[in-house]
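Participant: So the chains spell out like this:
There are 2 protein chains.
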Amino acid sequence: MPGIASEQARRFDPVRYLPILSWARTYDRDTATSDLVAAIIVTIMLIPQSLAYALLAGLPAEVGLYASILPLVVYAIFGTSRSLAVGPVAVVSLMTAAAIGKASGINPITAALTLALLSGLLLLLLGIFRLGFLANFLSHPVISGFITASGIVIAASQLKHILGIYASGDNLVEVLHGLWENAGDTNLVTLAIGVASAGFLFWVRRGLKALLVARGLRPRTADLAAKAGPVIAVAATMLLAWLFDLEEHGVILVGAVPKGLPPLTGPSISPDVWISLIGSAALISVIGFVESVSVAQTLAARKRQRIDPDQELVALGASNVAASFTGGYPVTGGFARSVVNFDAGAATPAAGAFTAVGIAVATLTLTPLLAYLPQATLAATIIVAVLSLVDFSVLRKTWVYSKADFSAVAITIAGTLFVGVEAGVALGVGLSILIHLYRTSRPHMAIVGQVAGTEHFRNVRRHKVVTDDRILSLRVDESLYFANARYLEDRLYDLVAARPSLEHVILVCPAVNAIDMSALESLEAINEKLAGLGVKLHLSEVKGPVMDRLKRADFLDHLSGGIFLTQYKAVQELGGKLKPAA
Amino acid sequence: MPGIASEQARRFDPVRYLPILSWARTYDRDTATSDLVAAIIVTIMLIPQSLAYALLAGLPAEVGLYASILPLVVYAIFGTSRSLAVGPVAVVSLMTAAAIGKASGINPITAALTLALLSGLLLLLLGIFRLGFLANFLSHPVISGFITASGIVIAASQLKHILGIYASGDNLVEVLHGLWENAGDTNLVTLAIGVASAGFLFWVRRGLKALLVARGLRPRTADLAAKAGPVIAVAATMLLAWLFDLEEHGVILVGAVPKGLPPLTGPSISPDVWISLIGSAALISVIGFVESVSVAQTLAARKRQRIDPDQELVALGASNVAASFTGGYPVTGGFARSVVNFDAGAATPAAGAFTAVGIAVATLTLTPLLAYLPQATLAATIIVAVLSLVDFSVLRKTWVYSKADFSAVAITIAGTLFVGVEAGVALGVGLSILIHLYRTSRPHMAIVGQVAGTEHFRNVRRHKVVTDDRILSLRVDESLYFANARYLEDRLYDLVAARPSLEHVILVCPAVNAIDMSALESLEAINEKLAGLGVKLHLSEVKGPVMDRLKRADFLDHLSGGIFLTQYKAVQELGGKLKPAA
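These protein sequence lines are chains Z and C, in that order.
Numbering follows my numbering, in which position 180 of the first sequence is assigned residue number 182; successive positions increment by one, without gaps.
Numbering follows my numbering, in which position 273 of the second sequence is assigned residue number 275; successive positions increment by one, without gaps.
I should point out that these hints are in silico values taken from the structure, not numbers from a laboratory.
Be aware that a few hints might be false.
Put simply, identical chains are the same to the list, so a pair is met inside one copy or across any two.
Cross-link-like lysine-lysine pairs, in silico, BS3-like; alpha carbons within 27 Å at most [to be verified]:
| hint | residue 1 | residue 2 |
| --- | --- | --- |
| 1 | Lys-305 | Lys-261 |
| 2 | Lys-538 | Lys-579 |
| 3 | Lys-538 | Lys-553 |
| 4 | Lys-305 | Lys-538 |
| 5 | Lys-405 | Lys-545 |
| 6 | Lys-405 | Lys-553 |
| 7 | Lys-571 | Lys-466 |
| 8 | Lys-305 | Lys-229 |
| 9 | Lys-211 | Lys-305 |
| 10 | Lys-571 | Lys-545 |
| 11 | Lys-538 | Lys-571 |
| 12 | Lys-571 | Lys-405 |
| 13 | Lys-571 | Lys-553 |
| 14 | Lys-229 | Lys-211 |
| 15 | Lys-305 | Lys-466 |
| 16 | Lys-211 | Lys-466 |
| 17 | Lys-466 | Lys-579 |
This is chain Z alone, in the form it adopts within the complex:
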């Protein structure tokens, strides 16, 4: 992109690669207070979430806590968003579970560490080579569809914990089938805890805020207080489990969790393991990045701040590498917690570092209590969280706006629900690209004629224009490249075959921004075949950069006709005797 790109400074700038330098030097007590308050609130929210998402990923609960310590510190150093809260998130946890499930024969914890390492390295590579644009291939509708469908699969997969039964599966059909098969084993005490927790959490989301506001709290404070709901549910059910020894009644608890800071862990470095996980790691990193960067951009824009997507890749990559060496699993910036962080007043990434300290303290002190935490409570927090992501309105919106976009969403949702998360994303992205290529493979072309008495040429089908039977002027409204090169040949031969008195074909090119090698060869073929029929090929209104490129090939030497700066000049010089188009 010549022109505007050069507005960006190209010189080396340490602040760009270590954004911490941009805010650490002016860090003062006021900012620290804001960050600290935000950190406390986010910590309270993150503790149950971390535990729950680790279970969703099929990992021991403490892995979620480990993933919420060092990665946050690393993000604070490299990240460009001042509000993003990094850690385990629902969709990435589901994808991790799917990847671990596929990689049979590998210890789940090792697989999770290796996934974190691989997706970290991939993100770093993309960031270093500034390839963040690849994430753009996930179109907005595909992302919406994927998140909605994942939310449903996640919620369904958690029902087994609410019922206290065994069930597994990578997609909705398998999960529901497992639930149906084992529904007879339902533990009623577990069910009571799960339903009560879920009911409480739904009420906290919907009703508590209004109540607190009515009691005199400011709406924003009420909103933040409501985020503590999961902690209350966790504490209450933990207490119940301890008081009434619920494990005896068949309630499955999280169980003993090792006390202490994250261990130093080593992901696998076996090439076989890497090969079997690299595909999943790639999908996890792209989905994670897209979720994270969308949140970061939305929040930054509210304060007229900027984030640098390529540096975000580096920061998330480094966070994931950190996770892989400290007992964690893939992490990314989460939507809900980042909004809380923002609303609670986080002013710099230091808030994330403080949150890490909070989680570390919790890991050191609270882990014995987790032995009494019912899994059903965590399942309830997950269900309530992900159901808020489910939003089918994208189907209606795209149906109205564009059937092509609709079909991409529909296949993403169907693939995710009925095959699996990875299939859903792959199908959605693949179909989006196919649809785009299909669109541009049949570019709009118009035969143009002269608006009598002017130098303007317009579509003969839409305007009253004059033409000459010996001259065919065809305007192509698209760059010419491999996907539409043959189409141009086809259309042109059809048009020429139907016009026996033709002597000249003029391609009118003001909208042709590029001509690739395939299209060049098609133009050469057209030129040669037309010459064989006694028809000359001319070009008019070719853009500067396209002309420069054409000069590198020998096409212009063989061109039977000429190159004209304007279409008017072309018709004049070819001696066009114009009459109104039929």
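For this one, chain Z is given, so just place chain C on it according to the hints.
Facilitator: Only chain C this time, still in chain Z's reference frame:
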């Protein structure tokens, strides 16, 4: 593509689906004579080729003959090209060999029949749903690179027959390694036959024609006579093998071939077999179709005839299904033999049907002789044929014209040589698509200003224009879609952040041919964020179809600014006070 598409008749037309109807009714004795002469020459050429390509595919020699009977008749009924000669071809045979090699555990003949069935069904489906445009994703440079690299792999793979040793492999490295390992087992008699045959065939290609012309033959007749070279080599070495009982001297012969017409065969209908072969079948059908349709188009254009690519899909699909039920393997239109057919005067597809009769007669009468045919002779015919396909000039051409195209060719060649044929094609197509998406993901955008005293607006960096600090006019030279939607947001926020006195942003859209759902959501986000900063968003020169689509969404209701027919009107109504751009 509105406008021109409607020139095509949309009503049902039996001739379109059964092109035989277009020529069979007026078929007369003269045409029949032309077709018959062409058929005899093509039959003579096709017999050794069919045997050789079957061996290349790793199949018994007679399979090549079987694949050259019914498929040709079927193509004559459904095909739209009057000169295309269908049958086994080199590249598809190599791909068949690779697919059979991968599908371990499946009988090679069954695998070949199933590949023919699957690629036939795929081609039929593509034809029926008019999806021939998918073949356009193979760019010209990728095809050239693939054919060159395949030619090298094929030639190398045949060296083992010339040496009379064992060697196998899917790519050049494996093949050369196998040859190196077993070179000590070389059979000198075999080597003599192979080298003599190859030498003779090269001479026939290069020197014979000149000789015949010097003796008074017309150049075209001399050309055709030279095509009989392989038959002479086959007959001569067969005779030698019989006279001197060369099998006793370790020369490997084709051996006993069952006499008679093709058997009725059944491809596998096992889902497991289908799943393991479907990917290869898809590549075979696309590559085969592209090769065939390119030849057919080139030849049709010489006589100002037309072919219908979608109907060609149907015809080739039906031919392959026919091959799968009559003991054959995947077939397509071949380059060399179609040119021969054309030059020999084939006037209608009936020439193909006559060729089929010729091959059937050969199958009935000549098969006993094949027992004496040295494999080295067939290998020599393959080597000489495929080396003529090798052409590295595409590397130089693309290097000069476009580094992006060069990299796609280079990866195709490298992938084919060092990994395998399927990897080569997949890498080439994948990279071409990525490069295209990358190009359009960073569209050219220009800040425009008014050419003083006119209604024209031009790039501020290239022209002397006047601007207003309160108004930013940005022209986008590309359709807006998911791959560039976020880029537009990024650039715009950068530009706005650098202009504190800004009040209006005008997107100038004459080159925007489409706005998909992702881009629409980006425009909504831009509109909202700019509104938050007190900046209004306007659009100018929006194309009709784009405007129609925007009206389906509620974007226009929320747009903070207006929609203007021309950029001049926009600046005027916004009260632009213009001064020359800095």
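Participant: Check the structure against each numbered hint from earlier and tell me which ones fail, lowest number first.
Facilitator: Going through the list in order, the structure violates hints 1, 12, 15, 16 and respects the others.
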